[in-house]
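Participant: With the hints as constraints, model all of the structure from the sequences given.
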Amino acid sequence: MRRRAFAGMLALGATGALLSTGTARAQAPARPGAGDRQVAPLPPSPAHPNGIQVATEVVGGHRSAFPTLRTKEVNAQGEHVISVEYQVQETGYWCGPAATRCALSARVAAPSQSTLAAELGTHTGGTDHISQVTTVLNSRIDAGQYFTREMPNDPPTQAQIDLLRSDVVADIDDNYAVVANIVAPPGNQPPGYPSDQTVYHYFTVIGYDTDHDTVLIADSASFNGYQIYWLDFSQLASLIPPKGYAA
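Read in our numbering, the sequence shown has 191 at position 191, and its numbers run on one by one without any break.
The hints are simulated quantities; they were obtained by calculation from the structure and are not laboratory data. Computed from a predicted structure; not experimentally measured. Backbone N, C-alpha and C fix where the C-beta goes; we use that ideal spot for every residue, glycine too. Please note: incorrect hints may appear among the correct ones.
So the derived label-pair ranges between C-beta atoms look like this [unchecked claim]:
1) E73 x N153: 33 to 39 Å
2) N153 x A65: 37 to 43 Å
3) Q53 x S234: 15 to 21 Å
Facilitator: In structure tokens, the structure reads:
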């Protein structure tokens, strides 16, 4: 059984990235009294040569444009990757459901994105808070296994960074994925993201490599074809504030 320390939840605003099937739209920073501006992104196909950086097999939708992929488990010296099902998100605002589905698939038969969207309370603006992901993960796996971790400080404190690292390693070692709610502004973005837009998004952490201090990300947005890729741990820690993660 995983040992967890409870982290209290702060009231944060809506965060879901607005992404569409096969493409992704960035959400511009909100201005007082103004609505969010939606910007067309780069298409995800054809995928970048580095778009999928681990072994996968097609386990569903063989003839579709975006099949379901299952990652191959790796448990070697310094590197641990868990086996999950990856899907591109099916609507412009289902990054939360897609990331939650990916995490669930490590432990149980995962339901559809549409089923999870209903359970998460996802709307056209996204999934409001990471705690909703935590609740659904606990309801479908083992109650109490997941906790909501807030990272309100930007940049994060050393204690928050250390806790994130500990959570990622403990979860992956116990065959649980981590769902992170991120804010990716210009100048600090994962590969393939539209560089002139701030992206509000959910993705799933499915592995780590201590030799290179990296984490493996399953990203349903598929920005410019990047779907499953390695990211520096320090960058992951910088992307989460002021949001949080489920671990």
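Participant: Work down the list of hints and note, for each, if the structure agrees.
Facilitator: Hint check results:
1. E73 x N153: 33 to 39 Å: holds (34 Å)
2. N153 x A65: 37 to 43 Å: holds (40 Å)
3. Q53 x S234: 15 to 21 Å: For Q53 and S234 the Cβ distance comes to about 18 Å; the hint holds.
When each numbered hint is compared with the structure, no violation occurs for any of them.
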